[in-house]
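Build out the structure end to end from the sequences listed, making use of the hints.
If you're matching them up, the sequences are chains A and B in order. Residues 1 to 415, numbered by our numbering, are exactly what the first sequence covers, in order. Residues 1 to 167, numbered by our numbering, are exactly what the second sequence covers, in order.
None of these hints come from the bench; they were simulated from the model. Any given hint might turn out to be false.
Claimed, not checked - Residues of chain A clear of chain B, computed beta-carbon distances all greater than 10 Å:
#	residue
1	GLY50
2	ARG86
3	TRP151
4	ARG153
5	ASP233
6	ALA276
7	ARG279
8	ASP317
9	SER344
10	MET349
11	ALA367
12	ASN390
Claimed, not checked - In silico contact screen, one side only, chain A against chain B (beta carbon under 8 Å); selected entries:
#	residue
13	VAL24
14	PHE95
15	THR119
16	GLY135
17	THR139
18	GLU140
19	GLY143
20	ALA146
Stated by the list, open to error - Incomplete in silico selection of chain A near chain B, CB under 8 Å:
#	residue
21	VAL85
22	ARG87
23	SER121
24	SER138
25	VAL142
26	TYR190
27	LYS221
28	ALA256
29	ILE257
If you're wondering where the values come from, they're calculated on a predicted model, not measured in any experiment. Quick reminder that beta carbons are idealized off the backbone N, C-alpha and C, glycines included.
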Amino acid sequence: MAGQTFAQRILGAKAGRPVRPGEVVDVPVDVALTHEVLGPPTFAMFEELGVPVWDPDKVFVTIDHFVPAATAAQANNNRVTEEIVRRHGITHTAFYDGPSHQTLAESGMVAPGMVVVGTDSHTCTAGALGAFATGIGSTEMVGVLATGRIWFRVPEAGLVELTGRLRPGTSAKDIVLHLLGGLGVAGCRYESIEYGGPGLRELPMDERIVLANMAVELGAKVGLLETDGRTADFLSSAPRTEYRVESDAPYIRRIAIDLSELEPMCAKPHSVDNVAPVREVAGKVPIHQAFIGSCTGGRLSDYRVAADVLEGHRVHDGVRLIVTPASKVVYRQMLLEGLVERLSAAGAMVMAPSCGPCAGLQGGVLADGENVISASNRNFVGRMGNPGANVYLASPATVAASAVTGTITDPRDMM
Amino acid sequence: MKIGIHGRCWVLGDNIDTDTLFPGRFMTLSGATAEGALRGLAARYPELAARFQKGDAIVAGDNFGCGSSREYAATAIRDLGVPVVIARSFARIFYRNAFNVGLPILEYTGEAPLPQDGPLEVDLATGAITHAASGEVFAGTPVDPYLLELLSEGGLLPRLRRQLNRR
Chain A
1 MAGQTFAQRI
11 LGAKAGRPVR
21 PGEVVDVPVD
31 VALTHEVLGP
41 PTFAMFEELG
51 VPVWDPDKVF
61 VTIDHFVPAA
71 TAAQANNNRV
81 TEEIVRRHGI
91 THTAFYDGPS
101 HQTLAESGMV
111 APGMVVVGTD
121 SHTCTAGALG
131 AFATGIGSTE
141 MVGVLATGRI
151 WFRVPEAGLV
161 ELTGRLRPGT
171 SAKDIVLHLL
181 GGLGVAGCRY
191 ESIEYGGPGL
201 RELPMDERIV
211 LANMAVELGA
221 KVGLLETDGR
231 TADFLSSAPR
241 TEYRVESDAP
251 YIRRIAIDLS
261 ELEPMCAKPH
271 SVDNVAPVRE
281 VAGKVPIHQA
291 FIGSCTGGRL
301 SDYRVAADVL
311 EGHRVHDGVR
321 LIVTPASKVV
331 YRQMLLEGLV
341 ERLSAAGAMV
351 MAPSCGPCAG
361 LQGGVLADGE
371 NVISASNRNF
381 VGRMGNPGAN
391 VYLASPATVA
401 ASAVTGTITD
411 PRDMM
Chain B
1 MKIGIHGRCW
11 VLGDNIDTDT
21 LFPGRFMTLS
31 GATAEGALRG
41 LAARYPELAA
51 RFQKGDAIVA
61 GDNFGCGSSR
71 EYAATAIRDL
81 GVPVVIARSF
91 ARIFYRNAFN
101 VGLPILEYTG
111 EAPLPQDGPL
121 EVDLATGAIT
131 HAASGEVFAG
141 TPVDPYLLEL
151 LSEGGLLPRL
161 RRQLNRR
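Here is the structure:
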């Protein structure tokens, strides 16, 4: 038979028969993720059914948004989440360890070919590990908790083939922003966006994760990446299933990107597809806050490049540079590598691993009229806690360079 | 599954997001009410908010329900008494949430705008939208049989209750 997309292969294997885009399949779930924001209302509905969780060992519950709690209401909510976990005998948790998508990736629960669902739109991050992973609503999660199964419409898929190597000053974030500029915020609606090619396999896992993580910003259901030895090394205990693009698969769109031709990109307010090269925006926007963190921009490679850009510089007087590592694993490695020292020496606030100010719930909410340049993933009105603020999205390198000058700055000018 | 639209069809634009359909500030731990949807829609569609009646349908453009995964956007429309939402396309989490909470939806593929002087009959299984007065038929995307069955059971929670009771 003709080649298949990753989405077809994973869902077909789960369904036990070949599947075509457009048909609906009912499949078992390997990992169900929820967090302290939508977990309590979801479990409130689930408990009305009066049945046990289908498999408490396959549920992953995190406390990552209200971290550390900023209000008594947040603290009480976090305690409710801990009680839910105890009540249902759930064995896998990451409390106060960092954004769920990073801690799930580090947990060892995910492997290539799995089906992963979560009550969070960035659940697609696990696609970097070769898992069919996507966000769902609360009622749907109730069904998963009760039965361990879920339906999916097998998505059409688009292929992004990467060749070449990223040049200094550019990163995976620039790849996604480049795609958003071309395809738009609903450009891959319902679809699987699948990445492959020699350029992908050159990227370290930290960078690959960004491609899957921001699939939802393109409207996609899942973002699936080729897997290889680096994926297996990251997962350490996982079997070495390797997914490679089958070029005769029925892709509805093929996009080729030569990574060496990319330049730093920026998404301006208030939409992720309002994209321009940093060169065009540079020097025109005063910056009040700079943020390097979240499930999108808080990994080791992000802080290594940020520290390099900041080397020998100080954060601008009018700028707050906030750093929230994507996990405690990342945080400890930052300490061992001297990254906390280097970022702090430049004037950064290095804070607890958490979702940080990305969702606007604590730890760096903006004042009216302020501009923030952020390595996170969304910039719609109010995203970072204040509808009167403006969010510019860019790579960690661009954020670090802008933190030094106090205006949006091309990092290549400082390297 | 055939659905009659006897009320008015309210025509909305593209990219109607979940913050319009159900603003975050109306969400509480104890749940959500249908009125939240009208209060949200009032910002962009004051006439709809003021004059909406049970049985009125919604006809929209592309990417209806984009944004958050909050399913209150779908439950509130259902609870208002909207028999069906017809749109050029739906954002994917809203699409799933609609079937899961028992809200019928249909993708409209025809060229001409749908007539606003009903009644209309919508056949989800074939995608056909029939204008009663003229007999004219407008084409939509047939809904998958799996999803039709889910809808006929009232959505995911009623299905789960039945399945669990059978055990």
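Hint by hint, here is what the structure shows:
1. In this structure GLY50/A is not separated from chain B by more than 10 Å, as the shortest Cβ-Cβ distance comes to only about 8 Å.
2. The beta carbon of ARG86/A sits about 20 Å from the closest Cβ of chain B, which is more than 10 Å, so the claim that it is off the interface holds.
3. A cut-off of 10 Å between C-beta atoms contradicts the statement that TRP151/A is not in contact with chain B; the least separation is 6 Å.
4. Distance to chain B contradicts ARG153/A as a non-interface residue, since its nearest Cβ pair spans about 7 Å, not more than 10 Å.
5. The non-interface label for ASP233/A is consistent with chain B: the shortest C-beta to C-beta separation is roughly 32 Å, beyond 10 Å.
6. For ALA276/A, the requirement that its beta carbon stay farther than 10 Å from each beta carbon of chain B is met, with the minimum near 21 Å.
7. Once the 10 Å rule is applied to beta carbons, ARG279/A is consistent with being away from chain B; the minimum gap is 29 Å.
8. Residue placement check: ASP317/A keeps its beta carbon more than 10 Å from all beta carbons of chain B (closest about 35 Å).
9. SER344/A, annotated as away from the interface, keeps every beta carbon of chain B farther than 10 Å; the closest lies near 35 Å.
10. Residue-level check passed: MET349/A sits 27 Å from the nearest beta carbon of chain B, beyond 10 Å.
11. With a cut of 10 Å on Cβ distances, ALA367/A stays outside the contact zone with chain B, its closest approach being about 20 Å.
12. Listed as a non-interface residue, ASN390/A keeps its Cβ farther than 10 Å from every Cβ of chain B; the least gap is roughly 17 Å.
13. Because the smallest distance between the Cβ of VAL24/A and any Cβ of chain B comes to about 4 Å, under 8 Å, the interface hint for this residue holds.
14. Of the supplied interface hints, the one on PHE95/A is violated, with its beta-carbon coming no nearer than about 20 Å to a beta-carbon of chain B, more than 8 Å.
15. At a threshold of 8 Å, the smallest CB-CB gap from THR119/A to chain B is about 7 Å, leaving the interface hint in force.
16. Interface hint status for GLY135/A: upheld, as the beta-carbon distance to the closest one in chain B is roughly 5 Å, under 8 Å.
17. Look at THR139/A: its Cβ gets to within about 5 Å of chain B, closer than 8 Å, so that hint holds up.
18. At about 5 Å, the closest approach between the beta carbon of GLU140/A and any beta carbon in chain B falls short of 8 Å, and the interface hint on this residue holds.
19. Using the Cβ-Cβ criterion of 8 Å, the hint placing GLY143/A at the interface with chain B is satisfied: the shortest such distance is roughly 5 Å.
20. Here the hint on ALA146/A is kept, as its CB sits about 6 Å from the closest CB of chain B, short of 8 Å.
21. Here the hint on VAL85/A is broken, as its CB sits about 18 Å from the closest CB of chain B, past 8 Å.
22. Contact between ARG87/A and chain B, as hinted, is not supported at the beta carbon level, the nearest pair being about 17 Å apart and thus beyond 8 Å.
23. Because the smallest distance between the Cβ of SER121/A and any Cβ of chain B comes to about 5 Å, under 8 Å, the interface hint for this residue holds.
24. Look at SER138/A: its Cβ gets to within about 6 Å of chain B, closer than 8 Å, so that hint holds up.
25. Hint on VAL142/A holds. Least Cβ distance to chain B is approximately 7 Å, under the 8 Å limit.
26. Interface hint at TYR190/A: satisfied, since its Cβ lies 5 Å from the closest Cβ of chain B, which is below the 8 Å cut-off.
27. Given hint, LYS221/A at the interface with chain B, holds; its Cβ is 5 Å from that chain's nearest Cβ, closer than 8 Å.
28. Hint status for ALA256/A: violated, given a least beta-carbon distance of 26 Å to chain B, over 8 Å.
29. Against a cut-off of 8 Å between C-beta atoms, the interface hint on ILE257/A is violated, since the closest Cβ of chain B lies about 24 Å away.
Of the numbered hints stated above, those contradicted by the structure are hints 1, 3, 4, 14, 21, 22, 28 and 29, listed in ascending order.
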